[in-house]
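**Student:** Spelled out, the chains give:
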Amino acid sequence: MDQSEPARRYPKLRLRTLLLATIAAGIVHVCVTFAWPLLFSTNVVAQLMTAVPPNIMRVLPPTSPKSQVIAFQGPDLRYAVCRFDVSEAAYVVRAVLPEAGWTFSVHNRAGDSIYVVTGQDQRRTDIAVLLLPPGDRFVGILPEARLSAGLAQVAMPTSDGVILIRAPNKGTAYQAEVMAELSKASCTPKRS
Amino acid sequence: MAIDAFKSLSRVGVPRLPKMAGLRSIVVGAFDALLNVGVFCLIAFGFGIWSSWVLVERGATLMTKSSGAWTMWDSAGRPDADPYTRAHFARIGSMPLSSTAQHTWEARIDDEGQTLHSSCEYALQGDGLDADWWSLAVFDEKGRLINNAAERYAYNARTIALGADGSYIVTLARDARPGNWLPTGGAGRLVLVLSRSAPRPNATTAELQAALRGLPAISRIACR
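For the record, the sequence lines run as chains A and B.
The numbering of the first sequence is this note's numbering, which starts it at 1 and goes up by one.
The numbering of the second sequence is this note's numbering, which starts it at 1 and goes up by one.
Take these hints with a grain of salt, some might be off.
[Stated by the list, open to error] Under the rule of at most 27 Å between Cα atoms (straight-line distance), these lysine-lysine pairs were calculated in the DSSO-like manner:
1) K170/A / K184/A
2) K66/A / K142/B
3) K170/A / K142/B
4) K142/B / K65/B
5) K170/A / K66/A
To be clear, the hints were calculated from the coordinates, so they are not data collected in a lab.
Only a predicted model underlies this, so the values are computations on that prediction, with no experimental measurement involved.
With the sequences and hints as input, model every part of the structure.
**Tutor:** In structure tokens, the structure reads:
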């Protein structure tokens, strides 16, 4: 033992430890933030996918505590949902948004809105969209594109997801009208 | 006998065994390592996870907008959303429409900063929302609708009763109240969600400011 260095009587916290810990905290923070979506088992899109069959636009029952599918689901909206998988075929989707408050959205598996159209006040909005598989961005030369003149083409970043039409539920008197408009929506795989 | 032998050894130069000083340095060294490793883990994992959780739960100025008790995540539902926004909506399990089309405001506290709770009664007062469509709904803290006999879960631009001046008051209470009443039952902590169509893309700054001002104030009336 070096006699010139007096023996320490208490443990010492080193500045180096604090600096390294601060850097490590930053790394942990970033890793954990990116990991949160993977940690939560309740994937919203997966929940919706289990609620409806594929390739068909299905109107969900009015939102109530018993029929609620996803958290914070708007109780005064009627939902029409179509589950798609563009890995095997492109999809032709048609819908009508008769007024303000109506929305049409295409979501990927992560729940991101890939394509959104909102209804306009006192004006009908006709929607005709061709959903294409990932990677087929230069669709001009593809058979699907030749078959689909007049359709807005949307290249999906992932192969599966859901299409949602949200319709304001204005009350019992308007139910039939809302259902009639929702029933016009279609979602069809288009095989060449 | 043994003491005599030890004394004689010392005389011929055999070094003494380190006694208290040596033992102390070993103990201090062990505690030293424990302290440094402990503090390292506490800061690295504790602070790292806690800070991430806080930002995912509450957001910060960079990713949210606030007005009174209301908070909106700027890039909600967008493919280019930041990781905090993604984590927030993954955690609460909702699928908001893109913030370019709809603004979704959440309130978990009242205007005094107290957590919204079903044991209290609240008044939401606004001057009218300048939007094509809006909807105000109440949920429990997990985003579930609150079961009630009146089957009333939300008010929107078409179902709310407005005053003569276009203003409105919505009462959140367990028991029935006159006017616009949203039942809260025994849900515990509450979350208010106000969805409204987003201002048009080329909205002026004044219009954007007006959109922020239209959010209702949340005041606590009484608690049980």
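**Student:** Given the hinted pair K66/A and K142/B, is their alpha-carbon gap at most 27 Å?
**Tutor:** 15 Å, holds
**Student:** Within a Cα-Cα threshold of 27 Å, do K170/A and K184/A meet the stated pairing?
**Tutor:** Roughly 19 Å between the alpha carbons, so the hint for K170/A and K184/A holds.
**Student:** Does K170/A pair with K66/A here, judged by a C-alpha cut-off of 27 Å?
**Tutor:** 20 Å, holds
**Student:** Can you confirm whether the C-alpha distance between K142/B and K65/B stays at or below 27 Å?
**Tutor:** Within the cut-off at roughly 22 Å; holds.
**Student:** Assess, step by step, whether the Cα of K170/A is no farther than 27 Å from the Cα of K142/B, and give holds or violated.
**Tutor:** 26 Å, holds
Violated hints for the displayed structure: none, as all numbered hints are satisfied.
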